[in-house]
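In the order they appear, the protein sequences are chains S and L. Take 1 as the starting number for the first sequence in my numbering and just add one per residue. Take 1 as the starting number for the second sequence in my numbering and just add one per residue.
To be clear, the hints were calculated from the coordinates, so they are not data collected in a lab. The structure presented is a predicted model; accordingly, all values stated were derived computationally and were not measured. Where is the CB? At the ideal position from N, CA and C, for every residue including glycine. Be careful, since some hints might not be right.
The following residues of chain L were derived to be distant from chain S, with all beta-carbon distances above 10 Å [stated by the list, open to error]: (1) 14; (2) 15; (3) 29; (4) 32; (5) 35; (6) 42; (7) 44; (8) 58; (9) 65; (10) 81; (11) 84; (12) 95.
Here are some, though not all, of the chain L residues that point toward chain S, as calculated from beta-carbon distances under 8 Å [claimed, not checked]: (13) 10; (14) 12; (15) 19; (16) 94.
One-letter residues, chain by chain:
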Amino acid sequence: MSGTNDSGPCTGGPDEPARRGGPGRGLRLWFAPQRVREEGDTPDYRFSLANERTFLAWIRTALALIGGGFAVDQFLPHLAWGVRAGLALALLAAGVLCALRAVNHWVRCERAMRRGEDLPVSRFPVLLSLAVAVVAVAMVVVVLFGWEGR
Amino acid sequence: MTGGARDPGLQPERTRLAWRRTTLSFTVVALLALRQVLRAGLGAAGTVALALGLLAWLGFLRVAHRRVGGMGAAEPAPLMVRHALAAAVCTVVLAVCAAVMLF
């Protein structure tokens, strides 16, 4: 129940199979959840909860992008259908990526904390902000100049 | 940390509220999906997409409910991978439903 003493004596030597693995390892962890528990020591529960809140914040970001996709379609009815669908699909795709990446990053952070390694760095936030900026500029241009198209 | 002691940083409470916020966001987007289908008329594809989206919403509610229930412990256990995965999958399903509703 307390979550801080279920790891037992296995701190994991270098020959432990769970230590090996390349870039595909994070993906495999998604579908073999018990393996996360096997590695390293259980971190302080507060760190796990902080990681969980970060995960939820990314899920909310994904939900906001999906909501933006709906909003483009519902609240800009005068745009040409192609433009509207394109913008909406771009936002929805960003939302999907964001949700998938949220799980991936959460798993990687959790694993790094168990092993006592540095937390993973990521360029996803930069890419996402650039994508959102591009969509925003496109939307401004479209709303200002493309209002006539039906 | 001794069991039963309150965390001075209120971490479980903050995590519980984070789940609540996320559930609320999910509900807003699900309502947007409902509005989308009501506006466009109930086509076959739209109805199926809406049903799937509502299922995703229920699935997310379930995960969130269980997790919030687990936050009552003094030192909550870490989030399970399958619950995190389920939350993300529900979000992705909602996005796919949204894409279907565009057409």
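- request: Could you check the structure against the hints above and give me the numbers of any it violates, in ascending order?
  value: 1, 2, 3, 4, 5, 10, 11, 12, 13
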